[in-house]
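Using the sequences plus the hints, can you model the full thing?
Protein chains: 2
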Amino acid sequence: MLETVDLDLKLNRAAYDRIFRPLRDRLSLLQRMVFEAQVPVIVVFEGWDAAGKGDCIEKLVGRIDPRGYEVHFLPKATEDEELRPFLWRFWARIPGRGDMGIFDRSWYRRILGERVEREVPRNVWQRSFDEINQFERTLADDGTLLVKFWLHISRAEQRRRFERMERSDYESFRVTGKDWKAHKRYDDYREAVEEMLERTSTPWAPWTIVAATDRRYARVKVFETLAEATQRALDAKAAATPPPRPPPSPASKSPAKRRRAPSPALAHTVLDEVDLGKKLTARQYEVELARWQKRLRELEYVCYERRAPVVVVYEGWDAAGKGGSIRRVIGGMDPRGYAVIPIAAPKGADATHHYLWRFWNKVPKAGHIAIFDRSWYGRVLVERVEGYCSEEQWRRAYHEINEFERSLHNFGAVVVKFWLHISKATQLRRFQERERIASKRYKITEEDWRNREKWDLYRTAVHDMISQTSTSYAPWTIIEAEDKNWARVRGVRTLAEAMAKRLG
Amino acid sequence: MLETVDLDLKLNRAAYDRIFRPLRDRLSLLQRMVFEAQVPVIVVFEGWDAAGKGDCIEKLVGRIDPRGYEVHFLPKATEDEELRPFLWRFWARIPGRGDMGIFDRSWYRRILGERVEREVPRNVWQRSFDEINQFERTLADDGTLLVKFWLHISRAEQRRRFERMERSDYESFRVTGKDWKAHKRYDDYREAVEEMLERTSTPWAPWTIVAATDRRYARVKVFETLAEATQRALDAKAAATPPPRPPPSPASKSPAKRRRAPSPALAHTVLDEVDLGKKLTARQYEVELARWQKRLRELEYVCYERRAPVVVVYEGWDAAGKGGSIRRVIGGMDPRGYAVIPIAAPKGADATHHYLWRFWNKVPKAGHIAIFDRSWYGRVLVERVEGYCSEEQWRRAYHEINEFERSLHNFGAVVVKFWLHISKATQLRRFQERERIASKRYKITEEDWRNREKWDLYRTAVHDMISQTSTSYAPWTIIEAEDKNWARVRGVRTLAEAMAKRLG
Numbered sequence: 001m002l003e004t005v006d007l008d009l010k011l012n013r014a015a016y017d018r019i020f021r022p023l024r025d026r027l028s029l030l031q032r033m034v035f036e037a038q039v040p041v042i043v044v045f046e047g048w049d050a051a052g053k054g055d056c057i058e059k060l061v062g063r064i065d066p067r068g069y070e071v072h073f074l075p076k077a078t079e080d081e082e083l084r085p086f087l088w089r090f091w092a093r094i095p096g097r098g099d100m101g102i103f104d105r106s107w108y109r110r111i112l113g114e115r116v117e118r119e120v121p122r123n124v125w126q127r128s129f130d131e132i133n134q135f136e137r138t139l140a141d142d143g144t145l146l147v148k149f150w151l152h153i154s155r156a157e158q159r160r161r162f163e164r165m166e167r168s169d170y171e172s173f174r175v176t177g178k179d180w181k182a183h184k185r186y187d188d189y190r191e192a193v194e195e196m197l198e199r200t201s202t203p204w205a206p207w208t209i210v211a212a213t214d215r216r217y218a219r220v221k222v223f224e225t226l227a228e229a230t231q232r233a234l235d236a237k238a239a240a241t242p243p244p245r246p247p248p249s250p251a252s253k254s255p256a257k258r259r260r261a262p263s264p265a266l267a268h269t270v271l272d273e274v275d276l277g278k279k280l281t282a283r284q285y286e287v288e289l290a291r292w293q294k295r296l297r298e299l300e301y302v303c304y305e306r307r308a309p310v311v312v313v314y315e316g317w318d319a320a321g322k323g324g325s326i327r328r329v330i331g332g333m334d335p336r337g338y339a340v341i342p343i344a345a346p347k348g349a350d351a352t353h354h355y356l357w358r359f360w361n362k363v364p365k366a367g368h369i370a371i372f373d374r375s376w377y378g379r380v381l382v383e384r385v386e387g388y389c390s391e392e393q394w395r396r397a398y399h400e401i402n403e404f405e406r407s408l409h410n411f412g413a414v415v416v417k418f419w420l421h422i423s424k425a426t427q428l429r430r431f432q433e434r435e436r437i438a439s440k441r442y443k444i445t446e447e448d449w450r451n452r453e454k455w456d457l458y459r460t461a462v463h464d465m466i467s468q469t470s471t472s473y474a475p476w477t478i479i480e481a482e483d484k485n486w487a488r489v490r491g492v493r494t495l496a497e498a499m500a501k502r503l504g
Numbered sequence: 001m002l003e004t005v006d007l008d009l010k011l012n013r014a015a016y017d018r019i020f021r022p023l024r025d026r027l028s029l030l031q032r033m034v035f036e037a038q039v040p041v042i043v044v045f046e047g048w049d050a051a052g053k054g055d056c057i058e059k060l061v062g063r064i065d066p067r068g069y070e071v072h073f074l075p076k077a078t079e080d081e082e083l084r085p086f087l088w089r090f091w092a093r094i095p096g097r098g099d100m101g102i103f104d105r106s107w108y109r110r111i112l113g114e115r116v117e118r119e120v121p122r123n124v125w126q127r128s129f130d131e132i133n134q135f136e137r138t139l140a141d142d143g144t145l146l147v148k149f150w151l152h153i154s155r156a157e158q159r160r161r162f163e164r165m166e167r168s169d170y171e172s173f174r175v176t177g178k179d180w181k182a183h184k185r186y187d188d189y190r191e192a193v194e195e196m197l198e199r200t201s202t203p204w205a206p207w208t209i210v211a212a213t214d215r216r217y218a219r220v221k222v223f224e225t226l227a228e229a230t231q232r233a234l235d236a237k238a239a240a241t242p243p244p245r246p247p248p249s250p251a252s253k254s255p256a257k258r259r260r261a262p263s264p265a266l267a268h269t270v271l272d273e274v275d276l277g278k279k280l281t282a283r284q285y286e287v288e289l290a291r292w293q294k295r296l297r298e299l300e301y302v303c304y305e306r307r308a309p310v311v312v313v314y315e316g317w318d319a320a321g322k323g324g325s326i327r328r329v330i331g332g333m334d335p336r337g338y339a340v341i342p343i344a345a346p347k348g349a350d351a352t353h354h355y356l357w358r359f360w361n362k363v364p365k366a367g368h369i370a371i372f373d374r375s376w377y378g379r380v381l382v383e384r385v386e387g388y389c390s391e392e393q394w395r396r397a398y399h400e401i402n403e404f405e406r407s408l409h410n411f412g413a414v415v416v417k418f419w420l421h422i423s424k425a426t427q428l429r430r431f432q433e434r435e436r437i438a439s440k441r442y443k444i445t446e447e448d449w450r451n452r453e454k455w456d457l458y459r460t461a462v463h464d465m466i467s468q469t470s471t472s473y474a475p476w477t478i479i480e481a482e483d484k485n486w487a488r489v490r491g492v493r494t495l496a497e498a499m500a501k502r503l504g
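Chains A and B are the protein sequences, given in the same order.
Residue 1 is where the first sequence starts when you use my numbering, and the numbers rise one by one after that.
Residue 1 is where the second sequence starts when you use my numbering, and the numbers rise one by one after that.
Simulated from the structure, these hints should not be mistaken for lab results.
Where hints are given, some of them may not hold.
Same chains, same label: a pair holds when it works inside one copy or across any pair of copies.
[Claimed, not checked] BS3-like cross-link-like pairs, simulated, lysine-lysine; straight-line CA separation at most 27 Å:
| no. | residue 1 | residue 2 |
| --- | --- | --- |
| 1 | Lys76 | Lys365 |
| 2 | Lys484 | Lys181 |
| 3 | Lys76 | Lys362 |
| 4 | Lys347 | Lys237 |
Structure below.
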């Protein structure tokens with residue numbers, strides 16, 4: 001999931017000043033409401049050393065009524081704590097109803113530092129994933145709101161920060177040999193972080209990854225996320241509790257009155273980083289396509305021999321060129337080895353079953369390749385945007401989909417997912433072209449135009465989808481699709497490379 | 001969990017005839033209501049060969065509208081099915097909304113037959129626990145009702161049935177060499193069944209163990225459980241959906257009108273099997289107590305040396321003798337090694353935190369012994385019976401408690417749990433005695449008398465508690481406590497034996 005994070009995200013001072021103050025006030029109001037609603041809140045800050053956890057916590061508690069929170073900084077377990085199950089010292093510190101517990105590092109130590117530094121045996125940290133998920137589910141079921149942040153910076157940025165701290169008279173003591181040692185193992189830690197995010201991002205306690213290169217950006221992201229989550233928890237509690245009778249006097253004004261601020265649209269998404277200028281000449285296209293199609297045919301055979309199934313997902317904007325790309329993928333392949341599965345709105349039995357049902361039904365046999373032209377991601381795209389499912393349902397779906405794809409991976413499948421990206425202007429051009437050319441007219445409908453009007457809502461949904469479901473076992477590839485030649489070759493090539501990698 | 005099942009449970013024909021017909025009609029009505037409410041239902045039948053799965057299914061479908069259900073009998077996976085993840089063929093068969101899918105054997109094959117017969121490698125079946133729990137949770141979150149039965153018979157009963165079948169002209173073909181081979185491995189299978197029950201009995205898809213020695217009893221238990229679960233699912237759905245406007249005409253009588261039949265009291269509980277006649281003479285008591293107290297002191301030292309924590313839970317009827325028993329347990333021990341923790345109704349911080357919080361806080365250090373005089377089981381006893389928590393909360397608690405105790409076990413703890421059992425008459429005698437004797441009067445309160453009036457409700461709660469939370473890693477021991485001498489020695493001895501077993 002980390003690869004989807006744009007570490008260059010920044011907020012200039014002017015924008016920050018404009019956004020941050022109202023956000024801070026909103027959060028402070030929400031905290032009072034949480035107290036009145038007696039909801040316990042747990043906020044977890046994990047992240048790279050020097051990523052700015054301290055700064056975020058400082059800013060956060062600066063605006064909260066000090067009677068309402070406690071910050072827990074728990075370094076390595078003491079000798080006495082070592083004599084209990086590792087969750088013991090965290091259980092002891094969970095907040096009561098209406099309180100907020102802020103954890104500067106947490107129970108995730110077990111599967112980060114303690115794991116990487118081999119302070120606990122493998123079977124112990126492996127088991128901890130279950131114990132952590134159970135711990136968090138037990139609290140969430142009882143009404144606790146859990147918000148977890150991973151503050152992310154690059155290895156180079158971490159080095160810069162350590163060096164800057166070493167040069168400072170006041171901060172040099174904070175950088176130790178141990179920090180530098182951990183820094184050298186950045187890649188080992190990163191692998192552990194990926195697994196942590198994948199295995200413990202649950203519907204009841206999801207992770208939020210914060211790009212923390214820029215402090216202002218990080219603070220805003222943390223505050224916004226926390227405000228959103230708090231608001232949702234209050235709404236859920238209000239929905240579950242019958243509303244109190246209206247107060248007898250019209251003068252009564254409680255600060256706890258329900259207010260629902262509209263959620264701010266995402267200013268920045270993973271799509272913004274895509275370089276839409278990529279292209280191939282006709283000649284390059286021909287050579288490259290032929291080369292990778294040949295490779296794909298060889299690999300198709302290896303898959304068959306080794307009984308490895310392959311699952312390919314094509315998603316993308318309308319008119320981004322999914323159909324044409326899929327035709328190039330199968331262009332060189334043996335038709336006995338693959339199936340293309342087009343997915344439209346569910347009808348008949350598909351509509352009366354669980355949404356994952358028809359996709360499970362289409363799982364390829366071992367040794368075969370299934371190419372989905374649209375997929376189970378409809379749940380978090382069109383169904384989310386058009387309101388065909390509830391917010392609770394699409395939020396839960398990220399986790400369900402990750403579990404589904406993990407099952408496929410466990411079975412030995414190669415899972416490859418493409419998002420075909422074009423600009424809004426290019427989409428318009430292609431729509432108009434489709435309307436002009438008789439042979440293409442069937443491809444454009446009223447619905448396409450309607451979807452287009454919701455571009456920004458889809459953009460947010462795509463961002464959430466990619467950041468929540470890009471996993472080490474089923475990563476997303478965003479394909480630059482302004483130039484069809486480039487997009488087609490990129491698809492064939494990425495698929496071939498993924499297959500080659502898994503098949504050794 | 002299997003050891004709590006009384007396999008001698010029987011229903012005579014007269015009782016059966018009286019109970020079964022109305023139950024069948026109720027279930028048939030409920031099935032129509034489920035159809036109208038569009039709730040998908042999955043019923044899983046697992047159990048020993050010849051335990052009577054077929055008979056139950058036959059009786060069940062005999063009363064259901066044939067358009068509403070499908071029975072799935074899936075033997076060993078076909079070659080084609082083997083080429084997909086093991087859940088694939090089950091996903092393909094999940095019922096649509098309003099339908100009922102009845103599985104004669106199911107996805108549990110993977111962790112029963114396939115596991116025991118080593119048809120899949122260890123890491124694959126180990127992983128299946130997660131995949132199965134995720135599969136069931138995904139369906140339950142979407143509104144599917146899951147009801148799972150384990151039909152239980154003893155090894156001897158299975159042998160008798162096989163022999164009887166072999167003697168019959170019509171059934172002999174059903175007993176094969178493979179069946180006899182599996183029969184010989186009854187104990188291996190039983191171990192796998194225990195782990196299956198422990199790891200996949202979840203709040204969203206709990207197991208019901210059915211004592212199946214007597215067919216009539218088994219049928220009634222299956223029908224009753226299914227009717228209860230269906231009713232709960234309908235109630236939950238009705239509570240989540242705003243009620244429809246009242247029909248305009250008073251003549252409208254829909255069969256789908258909500259009816260809530262009172263849940264029948266348990267006719268039989270694990271407590272009924274307890275032999276309350278056990279006693280020790282004063283002389284035996286002295287000798288035995290001294291012997292086991294000495295052993296306990298030795299073991300206390302071994303625990304300390306090996307850094308193994310010990311958790312002892314004392315629960316029981318009021319006046320069953322918990323206090324006296326605990327005094328005998330600690331009588332011979334070194335006070336530096338243990339703590340007795342009395343638990344009363346939560347107050348202060350205990351009342352504003354998650355109910356497990358104060359027990360986590362009291363987890364003993366490695367090498368130490370904690371004896372709980374009443375415990376976290378208050379949630380499923382007094383809090384359930386007195387309505388201090390919601391039905392949803394106490395139902396969820398069985399799973400939460402099992403996870404809690406499993407964490408302790410994972411950490412290396414010995415977990416021993418006692419239920420001190422006396423008859424209702426004995427309780428009365430002891431209450432009266434307490435009122436008579438000045439020095440004991442403080443021990444009897446109005447509350448004791450009030451609790452006594454709810455004897456039958458507690459009896460059901462105790463039965464559910466023991467059957468849902470007696471696990472291989474934290475088993476319950478029911479102590480016959482009519483005779484205090486017997487009860488006291490039994491406690492000291494059971495604890496010593498459990499410690500000796502774990503410490504090797």
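Outcome of the hint check:
1. Taking the shortest alpha-carbon separations for Lys76 and Lys365, only the inter-copy value of 17 Å comes in at or below 27 Å, while the best intra-copy value is 48 Å.
2. In this assembly of identical chains, the alpha carbons of Lys484 and Lys181 never lie at most 27 Å apart, being 46 Å within a copy and 63 Å across copies at closest.
3. For the homomeric pair Lys76 and Lys362, the shortest alpha-carbon distance between copies (21 Å) is at most 27 Å, but the shortest distance inside one copy (48 Å) is not.
4. Within a single copy, Lys347 and Lys237 get their C-alpha atoms only as close as 35 Å, which misses the 27 Å cut-off; across copies the closest is 24 Å, which meets it.
Of the hints listed earlier, the one the structure fails to meet is number 2.
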